[in-house]
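Chemist: Each protein sequence line maps, in turn, to chains A and B. To convert, count from 1 in the first sequence and add 715; that's my numbering. To convert, count from 1 in the second sequence and add 715; that's my numbering.
Any given hint could turn out to be false.
For chains that are exact copies, the list does not tell them apart, and a pair is met inside one copy or across any two.
In silico SDA-like pairs for lysine to any residue, Cα to Cα no more than 20 Å straight-line [unchecked claim]:
1. K786 / R871
2. K867 / A837
3. K854 / N817
4. K766 / P908
5. K824 / D842
6. K881 / T773
7. K867 / S917
8. K906 / M767
9. K766 / E914
10. K829 / L735
11. K829 / I730
12. K895 / V845
13. K786 / V890
14. K749 / I795
15. K749 / P878
16. K824 / L850
17. K881 / Y825
18. K824 / D844
19. K906 / P731
I should point out that these hints are in silico values taken from the structure, not numbers from a laboratory. Please read these numbers as outputs of a predicted model, since none were measured by experiment.
2 protein chains.
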Amino acid sequence: MRVKTSNGKGDISQIPEPTLRRLPGYLSFFKALKINNVEFVSSGQIAANFKMDSTLVTKDLSYTGIKGRTKIGYNVNLLIETIIQFLDFNSQEKAFLFGVGNLGRALIKYQGLKSYGLHIVAGFDIDPDVVNITLNDVKIYPIDEFRDLSRKLNVRLGIITTPDAKAQDTADLMVAWGIKAIWNFTPQSIKVPDNIIVENTSIYSDLAVILNRLNNS
Amino acid sequence: MRVKTSNGKGDISQIPEPTLRRLPGYLSFFKALKINNVEFVSSGQIAANFKMDSTLVTKDLSYTGIKGRTKIGYNVNLLIETIIQFLDFNSQEKAFLFGVGNLGRALIKYQGLKSYGLHIVAGFDIDPDVVNITLNDVKIYPIDEFRDLSRKLNVRLGIITTPDAKAQDTADLMVAWGIKAIWNFTPQSIKVPDNIIVENTSIYSDLAVILNRLNNS
DNA sequence: ATTAAGTTGTTAATAAAATAACAACTTATT
DNA sequence: AATAAGTTGTTATTTTATTAACAACTTAAT
Chain A
716 MRVKTSNGKG
726 DISQIPEPTL
736 RRLPGYLSFF
746 KALKINNVEF
756 VSSGQIAANF
766 KMDSTLVTKD
776 LSYTGIKGRT
786 KIGYNVNLLI
796 ETIIQFLDFN
806 SQEKAFLFGV
816 GNLGRALIKY
826 QGLKSYGLHI
836 VAGFDIDPDV
846 VNITLNDVKI
856 YPIDEFRDLS
866 RKLNVRLGII
876 TTPDAKAQDT
886 ADLMVAWGIK
896 AIWNFTPQSI
906 KVPDNIIVEN
916 TSIYSDLAVI
926 LNRLNNS
Chain B
716 MRVKTSNGKG
726 DISQIPEPTL
736 RRLPGYLSFF
746 KALKINNVEF
756 VSSGQIAANF
766 KMDSTLVTKD
776 LSYTGIKGRT
786 KIGYNVNLLI
796 ETIIQFLDFN
806 SQEKAFLFGV
816 GNLGRALIKY
826 QGLKSYGLHI
836 VAGFDIDPDV
846 VNITLNDVKI
856 YPIDEFRDLS
866 RKLNVRLGII
876 TTPDAKAQDT
886 ADLMVAWGIK
896 AIWNFTPQSI
906 KVPDNIIVEN
916 TSIYSDLAVI
926 LNRLNNS
């Protein structure tokens, strides 16, 4: 039996992105519950914590295939295991990171990402000051070595934390050497072939929302 | 004349959040055009760059009040100025940052945020190893001094980059001492009074989307 | 000067997600 | 054992965002 089918008919790829985005938040909440020795949690309690509608919670959770028990709620341990499984957070997906500036360095050093399925195996930069150094067991290489390492390690995911102006060149290089998914932390829109997955993380968008709410309310 | 009204009738707070989130991306693109000495850009060109519909571009831009000229397009310099004005990216909003770990340190050091309207004026932590150090002219204080500094500097925005378990306590402290908006980088959902603005930045959500697309396609 | 191409910007239609309503079920209590 | 309370999970409605269609306008070319 596949865990990743929601109802036996549809496939997981059908999951709405908003739902997918909420799952890590649920997971964090459930982990906190576990620490406090809470064994069961109801959709109503979850909804209250996130100030959302309980039907939306049950809808979201139903995509993972987990079943709750009426009058009891969901088993917290099972919730945690199921969501981790569903999100592939135990997969230790290998990743290359390009651009070892402040942000890149933080991502490499940030151990928390490991428990969310991401394992950065190498960094790349052109700056001689950072090339060949090691951050938390992650070595930084010159760009030239990307080709060989890519062939050796078979990495599918590339992270862009370069200066904005270098984002497109970096993406081109990644695509050329077999990267399948790109996580772009620059505000630049990058152009890649259709079969390449691109996810943009724009803290500037979040900042725009904050400043707007702060100055217009 | 107020720049921030889209049509004279509505107020800016009416702007849809998706539009607001796209504006920084446009801005980055326009800045790149300016560097390449491009003077005018049409909605079609913008749409092509972001692989989106041109009508959505014109709709988004119309919220900022800017007018394009048919057969010519939008003036790039004016676009840049207008969007910066509209998003308050020249406001140098003061912010306190709590939790000077890897991510917090990166945000403090990251100069790029200054051109997007954010000015982190102080950091706070409990770890004696970081307290009293200075990162890029930003001093790190013990939590005890938050109260006095808050009163002195009149800061409205607080950033949470603490460990997950400390997120709620930190938020409570911020609210108690007059912070109006909280930028939460932990995956924890924090509970605050209704009048407090909360923006959650969850890189785990982005990661969930990437891993899902990578493993189901 | 007139025409035609191409763009903006508005209005309408479609698609998607969040909310609301409801039905079915299960467990604890009387 | 029967009832009632409370929860899950489905279906329907409303709201919101995106896409599509269209009208008006402006500039360049004939």
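Chemist: If a hint holds in the structure, say so; if it doesn't, say that too.
Modeler: Do the hints match the structure? See the list:
With identical chains, the CA atoms of K786 and R871 are never at most 20 Å apart, being 44 Å at best within one copy and 43 Å at best between copies. Taking identical chains as interchangeable, the C-alpha atoms of K867 and A837 lie at most 20 Å apart only when both belong to the same chain, with a minimum of 12 Å there against 44 Å between chains. For the homomeric pair K854 and N817, the shortest alpha-carbon distances inside one copy (16 Å) and between copies (17 Å) are both at most 20 Å. In the homo-oligomer, the alpha carbons of K766 and P908 lie at most 20 Å apart only across protomers (12 Å), although the nearest pairing inside one protomer, at 40 Å, exceeds that limit.
In this assembly of identical chains, the alpha carbons of K824 and D842 lie at most 20 Å apart whether taken from the same copy (18 Å) or from different copies (18 Å). In this homomeric assembly, K881 and T773 never come within 20 Å of each other (Cα to Cα): the closest approach is 43 Å inside a single copy and 28 Å across copies. For the homomeric pair K867 and S917, neither the shortest alpha-carbon distance inside one copy (31 Å) nor that between copies (32 Å) is at most 20 Å. Taking identical chains as interchangeable, the C-alpha atoms of K906 and M767 lie at most 20 Å apart only when they sit on different chains, with a minimum of 12 Å there against 36 Å within one chain.
Taking CA atoms no more than 20 Å apart as the test, K766 paired with E914 passes between copies only; the shortest distance there is 14 Å, against 27 Å inside one copy. Within a single copy, K829 and L735 get their C-alpha atoms as close as 19 Å, which meets the 20 Å cut-off; across copies the closest is 32 Å, which misses it. In the homo-oligomer, the alpha carbons of K829 and I730 never lie at most 20 Å apart, since the shortest distance is 24 Å inside one protomer and 37 Å across protomers. When the C-alpha separation of K895 and V845 is checked against a cutoff of 20 Å, the pair qualifies neither within a copy, at 26 Å, nor between copies, at 39 Å.
Within a single copy, K786 and V890 get their C-alpha atoms no closer than 51 Å, and across copies no closer than 36 Å, so neither meets the 20 Å cut-off. In the homo-oligomer, the alpha carbons of K749 and I795 lie at most 20 Å apart inside one protomer (9 Å), although the nearest pairing across protomers, at 49 Å, exceeds that limit. In this homomeric assembly, K749 and P878 come within 20 Å of each other (Cα to Cα) only across copies, at 17 Å, whereas the closest approach inside a single copy is 41 Å. Taking identical chains as interchangeable, the C-alpha atoms of K824 and L850 lie at most 20 Å apart whether they share a chain (7 Å) or sit on different chains (17 Å).
For the identical chains of this complex, K881 and Y825 are inter-copy neighbours only, at 17 Å across copies versus 23 Å inside a copy, given an alpha-carbon limit of 20 Å. In this homomeric assembly, K824 and D844 come within 20 Å of each other (Cα to Cα) both inside a single copy, at 17 Å, and across copies, at 17 Å. For a Cα distance limit of 20 Å, the shortest separation of K906 from P731 qualifies neither inside one copy, at 24 Å, nor across copies, at 26 Å.
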